[in-house]
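Student: Sequence:
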Amino acid sequence: GYLKHSFEHQLPKEIAFLKNIDQQKLNLITLALEKGINTPESCSAGRLFDAVSALIGICSHATYHAEAPILLEHSVAQQVKTTYPIKLSSTISWKDTIKSIVNDLNNNVSTPIISAKFHNSVIAVTFEAVKKIHSETGINTVVLSGGSFQNKYLSENLLDLLLQTGYQVYMSSQVPVNDGGIALGQLAIAAKKLTLCV
325 GYLKHSFEHQ
335 LPKEIAFLKN
345 IDQQKLNLIT
355 LALEKGINTP
365 ESCSAGRLFD
375 AVSALIGICS
385 HATYHAEAPI
395 LLEHSVAQQV
405 KTTYPIKLSS
415 TISWKDTIKS
425 IVNDLNNNVS
435 TPIISAKFHN
445 SVIAVTFEAV
455 KKIHSETGIN
465 TVVLSGGSFQ
475 NKYLSENLLD
485 LLLQTGYQVY
495 MSSQVPVNDG
505 GIALGQLAIA
515 AKKLTLCV
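Just so we're aligned, residue 325 is where the sequence shown starts under my numbering, counting upward by one.
Honestly, the hints are just simulated from the structure, not real lab data. Where is the CB? At the ideal position from N, CA and C, for every residue including glycine. Do not take every clue at face value.
[Stated by the list, open to error] For lysine-lysine, the following DSBU-like pairs were computed, each having C-alpha atoms within a straight-line distance of at most 30 Å: (1) 456 / 516; (2) 359 / 419; (3) 328 / 419; (4) 411 / 456; (5) 405 / 419; (6) 405 / 349.
[Said to hold, decoys possible] If you anchor each label on the Cβ, the simulated ranges turn out as follows: (7) 362 / 411: 27 to 33 Å; (8) 480 / 457: 18 to 24 Å; (9) 462 / 432: 44 to 50 Å.
Using the sequences plus the hints, can you model the full thing?
Tutor: Below, the structure written as structure tokens:
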């Protein structure tokens, strides 16, 4: 989906990820994407990490939950501090990022460097989004939550950046930041409703 969205008319067939997919199957996938058949769009960070992990050859078939993003994080070249281009308006566009990743693949840039540049891009655009919201609202409090923040590289680097800039940052330490924490929220809502009914 991210490749189709980024390249629109012509998928970059020279990349290994697409070479490993049978042409007939690829045509069916492309048609399903174009017609919206069983291909719901997602703005989930987790799906983006899944897509990049598959695209750069780290994990295209997960055998457990979040395997692709976990392996992507473990491949990061820690010394790399550069980013990919990203467009931020009222939404975040990853088109230029995906195109740049494909360009790096075509130029034989190593997987750890691509992974680092991608992670750094997510950190940079999240920080820019926080600054944009702060300038529009004056809000100085940031809550980092969601499964992507189980990624140590992402969470630690973003947390450092936010704290150095003076933001007040909250992150769960006793409840999982991923879907595991949803049950606690559901319990809190149920408890509140029960007290209202008594």
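Student: Decide, hint by hint, whether the structure agrees.
Tutor: Results of checking the hints against the structure:
1. 456 / 516: The given pair, whose Cα atoms are some 34 Å apart, is violated under the 30 Å limit.
2. 359 / 419: holds, 20 Å
3. 328 / 419: holds, 10 Å
4. 411 / 456: holds, 13 Å
5. 405 / 419: holds, 21 Å
6. 405 / 349: violated, 37 Å
7. 362 / 411: 27 to 33 Å: holds, 28 Å
8. 480 / 457: 18 to 24 Å: holds, 22 Å
9. 462 / 432: 44 to 50 Å: Taking Cβ atoms as reference, residue 462 and residue 432 lie about 47 Å apart, which means the hint holds.
Going through the hint list in order, the structure does not satisfy hints 1, 6.
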